[in-house]
Amino acid sequence: MNFELATLAAMGSGYLLLLFGIAWATDRHWIPERIVLHPLVYTLSLGVFASVWAYYTSVGIAMRHGYGYLAGYIGISLAFMFSPLLLRPIRQLTRTYQLSSLADLIAFRYRSRLAGTLVTLLTLAAVVPIIALQIRAVSDTAGILSPEAARGGVAVVFCVIITLFSILFGTSHRAGRNRHNGLVMAIAFESLVKLVAFLAVGAFAIGAGFGGPGAMQDWLQGRPDLLEDLRAADFAGSFHVLALLFFAAAVAMPHMFYATFNENRSLKALAFASWCLPLYFLLISLPVLPILWAGLLAGAEVPVVYFPVVIGAAWDAPWLSLLAYLGGLSAASGLIIVITLALSNMCLNHLILPLQQPSARDDIYRWLLRRRRLLITLVIWAGFLFHILPEKQIGLDFITVLGFSACLQFLPGALAILYWRRGNARGFMAGLAGGAAVWFWFILLPLFLEAGPLSLDSVAWREAAALSLIVNAILFAIVSLNSNTSNAERHAAEICSLDTLKHGARGGLVAKSPAEFIESLSKPLGDKVAGREVQQALQDAGIEMDDRRPFALRLLRARLEANLSGLMGPSVAQDLIDRYLPYGVAPDQPRSDVTLIESRIEAYRSNLSGLAAELDSLRRYHRQMLLELPLGVCSVSVDREIVMWNRTLEELTGIQESEVVGLRIEELDQPWRELLVDFIAGETDHAHKGRFEFGGRRRTVNLHKALIERSMEAGSPHEGMIVLIEDITETEDLEAGLAHSARLASIGQLAAGIAHEIGNPVTGIACLAQTIRDEYQDEELRNLANQIVEQTDRTSHILQSLMNFAHFGERRAAAQQESVNVFACMEEAATLISLDRKARKVELVLEGDREAEIAGDSQRLLQVLVNLIGNARDASRPGAPIRVTCRTGGNGVEVTVEDEGTGISPAIRDRIFEPFFTTKEAGAGTGLGLSLVYGTVEDFKGDIDIISPVDRVQGCGTRVVLQFPPAKGHSENLA
Amino acid sequence: MLILIVVLYLLFLLSIDWITQAGGAWYRPHLAALAAIAVVALTVRESDSDEF
Chain A
8 MNFELATLAA
18 MGSGYLLLLF
28 GIAWATDRHW
38 IPERIVLHPL
48 VYTLSLGVFA
58 SVWAYYTSVG
68 IAMRHGYGYL
78 AGYIGISLAF
88 MFSPLLLRPI
98 RQLTRTYQLS
108 SLADLIAFRY
118 RSRLAGTLVT
128 LLTLAAVVPI
138 IALQIRAVSD
148 TAGILSPEAA
158 RGGVAVVFCV
168 IITLFSILFG
178 TSHRAGRNRH
188 NGLVMAIAFE
198 SLVKLVAFLA
208 VGAFAIGAGF
218 GGPGAMQDWL
228 QGRPDLLEDL
238 RAADFAGSFH
248 VLALLFFAAA
258 VAMPHMFYAT
268 FNENRSLKAL
278 AFASWCLPLY
288 FLLISLPVLP
298 ILWAGLLAGA
308 EVPVVYFPVV
318 IGAAWDAPWL
328 SLLAYLGGLS
338 AASGLIIVIT
348 LALSNMCLNH
358 LILPLQQPSA
368 RDDIYRWLLR
378 RRRLLITLVI
388 WAGFLFHILP
398 EKQIGLDFIT
408 VLGFSACLQF
418 LPGALAILYW
428 RRGNARGFMA
438 GLAGGAAVWF
448 WFILLPLFLE
458 AGPLSLDSVA
468 WREAAALSLI
478 VNAILFAIVS
488 LNSNTSNAER
498 HAAEICSLDT
508 LKHGARGGLV
518 AKSPAEFIES
528 LSKPLGDKVA
538 GREVQQALQD
548 AGIEMDDRRP
558 FALRLLRARL
568 EANLSGLMGP
578 SVAQDLIDRY
588 LPYGVAPDQP
598 RSDVTLIESR
608 IEAYRSNLSG
618 LAAELDSLRR
628 YHRQMLLELP
638 LGVCSVSVDR
648 EIVMWNRTLE
658 ELTGIQESEV
668 VGLRIEELDQ
678 PWRELLVDFI
688 AGETDHAHKG
698 RFEFGGRRRT
708 VNLHKALIER
718 SMEAGSPHEG
728 MIVLIEDITE
738 TEDLEAGLAH
748 SARLASIGQL
758 AAGIAHEIGN
768 PVTGIACLAQ
778 TIRDEYQDEE
788 LRNLANQIVE
798 QTDRTSHILQ
808 SLMNFAHFGE
818 RRAAAQQESV
828 NVFACMEEAA
838 TLISLDRKAR
848 KVELVLEGDR
858 EAEIAGDSQR
868 LLQVLVNLIG
878 NARDASRPGA
888 PIRVTCRTGG
898 NGVEVTVEDE
908 GTGISPAIRD
918 RIFEPFFTTK
928 EAGAGTGLGL
938 SLVYGTVEDF
948 KGDIDIISPV
958 DRVQGCGTRV
968 VLQFPPAKGH
978 SENLA
Chain B
5 MLILIVVLYL
15 LFLLSIDWIT
25 QAGGAWYRPH
35 LAALAAIAVV
45 ALTVRESDSD
55 EF
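Those protein sequence lines, which keep their order, are chains A and B.
Taking this note's numbering, I'd label the letters of the first sequence as residues 8 to 982.
Taking this note's numbering, I'd label the letters of the second sequence as residues 5 to 56.
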């Protein structure tokens with residue numbers, strides 16, 4: 008087997024250029040988005056995890072531990088199969104808070120910059136050997152295929168190319184928080200290449216090497232030792248530990264964290280990966296045993312781990328060796344690119360930025376980009392330096408364990424993020440220090456010792472890894488339980504717990520508008536960057552530039568912190584935000600922001616199911632009850648911020664909920680500000696008949712308030728206050744109308760009494776006058792007596808009308824259907840109207856059929872006509888004519904009352920028949936007139952129609968048309 | 005999800021003996037893994053929520 012080095016170099020370079028091309032084409036949108044964003048591409052990009060350990064090392068592990076080689080695949084697969092338990096919640100946190108690495112997540116959760124730094128340092132210690140492993144695998148396989156190649160030279164060239172590629176694509180986005188579509192596509196392609204290459208080698212081993220599956224089985228029967236070794240895997244010991252190492256790697260290894268969370272598009276993609284990625288690992292693990300056995304059959308004189316590249320050459324298929332080499336190169340390069348990108352971000356956020364930050368004069372994006380590129384280079388070349396350690400001391404499989412067991416130390420802290428709120432920074436760091444010390448003493452140190460109790464040969468990595476994890480977990484628990492947890496940590500723990508959504512701390516910010524945000528942030532970031540970041544946060548949070556509501560500003564602050572966290576890490580972002588966008592008065596303890604929680608639950612609602620969905624339904628039901636309550640409901644927080652404003656209050660005040668939620672109560676418009684502020688500040692819980700002017704109308708409200716207790720226990724702190732506003736304006740109007748009616752009724756009774764009392768003397772006068780007229784012969788005296796009789800008749804008639812009118816209500820109940828002469832009623836109504844000397848003088852014109860009769864009650868018809876003529880008079884100018892006509896037709900009797908007055912406004916036309924509706928001044932009308940007219944006409948089985956304006960050109964005049972059925976006898980006559 | 009964990013654990017317990025049985029095909033672990041993946045794929049398909 009002797010390939011030209013140039014061939015290998017050309018192939019390797021060509022392959023990396025192809026990757027470059029794929030990434031480039033993707034970034035330029037030459038590849039359709041439906042392909043780029045397909046969950047399969049995301050899943051294949053996660054295949055980056057199947058690096059050299061899967062491609063080469065697993066063959067070596069299979070040789071020594073039989074089926075034990077499957078432990079790694081099973082471990083990582085389980086992490087994805089159970090993604091709802093671990094990966095989905097972490098993905099949610101990383102997306103919400105723009106956390107790009109485990110160190111970010113740890114620093115965010117434990118509110119400790121030091122914790123983030125420790126995680127970064129230990130990750131560096133774990134990752135550099137793994138990078139070295141990749142470099143060594145590439146140089147070793149190049150050396151096997153081309154013995155004359157200097158392995159050091161190959162490694163240098165490989166590192167240079169891979170450094171360039173990582174820098175070009177991993178840092179192409181200046182802001183550092185965008186998804187890298189090109190990179191993901193390239194990594195997915197790499198995963199596909201190595202899978203195809205490995206499967207091809209496996210298939211070749213079975214087909215060409217053994218002559219078919221049956222032949223391989225026959226050969227195995229002749230090697231019972233191999234089958235014995237295969238089944239002698241230590242399922243209870245090493246298998247579990249190795250599986251645990253790989254399970255933890257799904258979160259703890261930087262490249263997996265990066266690929267799983269940073270480049271994830273959707274929950275759907277993660278759900279797809281939860282079964283598709285295990286399938287990928289299943290496929291890539293399938294050829295391991297055939298390759299191992301084929302290598303043994305061929306008697307290959309290379310380390311077992313490199314059997315994949317010699318199988319082809321052993322059976323005269325050099326192309327297969329080249330393909331296998333390409334697959335190995337693919338596995339190594341993919342991992343290095345992703346891992347260095349992830350690590351450069353971690354180092355920048357947790358090692359560089361805490362020590363050195365760009366000044367406001369710098370272009371921060373460029374500043375960060377340069378350092379990220381420098382870090383990528385340093386990490387790759389640190390791996391290069393590590394790979395030149397003496398070969399004896401770094402077996403490929405042991406290096407894998409070395410790196411993975413270091414990252415295992417993050418598992419307790421990572422699980423506590425989601426499942427243990429009591430865990431704190433001190434506990435985490437104590438556990439990490441203890442676990443890392445065991446790892447250093449029993450796993451790392453032996454690498455550098457030739458002999459002795461801690462040398463590589465004498466240390467069992469399995470026990471060491473398990474011990475480190477146990478020490479870590481115990482220390483974490485003990486220290487956490489016995490040390491104080493800060494409020495900030497407790498708050499972060501609540502945020503990160505599975506059963507809570509994002510909570511914002513309440514409290515007023517010093518900056519009072521987005522413009523002031525920019526001004527404040529300009530000091531550390533510079534005008535340009537501050538403006539850009541605030542604009543981006545405004546856009547992300549859906550807030551307008553002129554929004555000054557405290558709630559909106561808190562949301563903006565949280566969004567800014569998350570965005571800056573993606574750029575500079577959570578520790579620096581938090582410091583920066585706390586320093587330049589502080590709270591005016593820090594809340595004594597974190598208080599939940601109900602509005603924020605509600606908005607988050609609303610956005611999250613489609614994801615809820617089962618009990619969670621039912622609880623949400625219950626929440627919505629209760630909320631809807633408050634919103635739809637026919638009382639104004641306003642909820643105010645402890646810091647006097649409006650949390651809720653229901654529909655009735657919207658109608659009453661004309662202020663929409665969206666405009667007012669988040670405002671302080673003092674920022675409301677008048678008269679509501681004065682009304683609510685005074686009431687909330689007052690000592691009484693109930694205020695009755697508060698009166699104020701609003702919308703040109705006097706309003707009356709009752710107010711009630713109650714504290715919202717946090718728990719049922721007496722004396723427990725409260726969450727705010729609920730205020731009920733009961734609009735009683737209509738009720739008060741109704742009461743006033745009824746009182747006015749009662750007064751009128753009293754006056755009516757009085758008038759009837761007076762009329763009765765006057766009636767007797769008038770009758771006496773009439774009798775005397777008639778006596779004089781009849782008994783005296785003096786013509787002049789008789790004329791005078793006759794006039795007295797006429798006048799007393801007239802007076803009696805008036806008094807009778809008054810008494811009839813006053814007794815109207817009493818008569819209604821006993822109203823009888825009688826034949827009523829309509830014209831006579833018209834005349835009597837005219838008489839009554841003319842009695843009002845103070846009223847406007849108008850010209851009453853009565854005309855029509857004098858014989859017209861309807862079935863009904865004459866007094867009620869009289870009441871109808873008096874009301875209609877009275878309204879017409881009030882609407883008319885002095886001296887204007889009012890025509891009252893009566894016509895008999897086929898359909899009955901039509902009575903019209905027409906004036907030339909101001910007409911009826913369209914705005915009130917629908918309300919004129921409502922009881923107590925009046926346009927007259929207070930005390931001038933009861934608002935009952937037309938209501939009575941309507942009721943009476945209905946009782947008479949008639950119709951009423953109002954035409955207004957009559958004169959459409961001038962817009963004046965009203966005609967009321969009453970249509971009555973004819974009296975029975977009259978209709979028969981007509982017939 | 006809890007059902008899934010229980011099912012997979014039972015599958016694991018049952019499959020260990022079956023996998024290590026003398027005379028069994030070398031790819032038996034892969035068949036067991038394929039069954040587990042099928043269960044997960046089915047579960048994911050049927051439930052698209054965050055409920056555990």
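Hint data in this document are derived by calculation from the structure and do not stem from the laboratory.
Possibly wrong hints are sitting among the right ones.
[What the hints assert, rightly or not] Which bits of chain B does chain A cover? Going by a derived footprint, with three or more residues having C-beta under 8 Å, they are: (1) 12-26; (2) 30-41.
[Claimed, not checked] Incomplete in silico selection of chain A near chain B, CB under 8 Å: (3) Trp282; (4) Tyr372; (5) Leu376; (6) Leu670; (7) Ala694.
The C-beta atom is built at its ideal place from N, Cα and C for all residues, glycine as well.
Contradicted hints - numbers only: The structure conflicts with hints 4, 5, 6 and 7, although it agrees with all the remaining ones.
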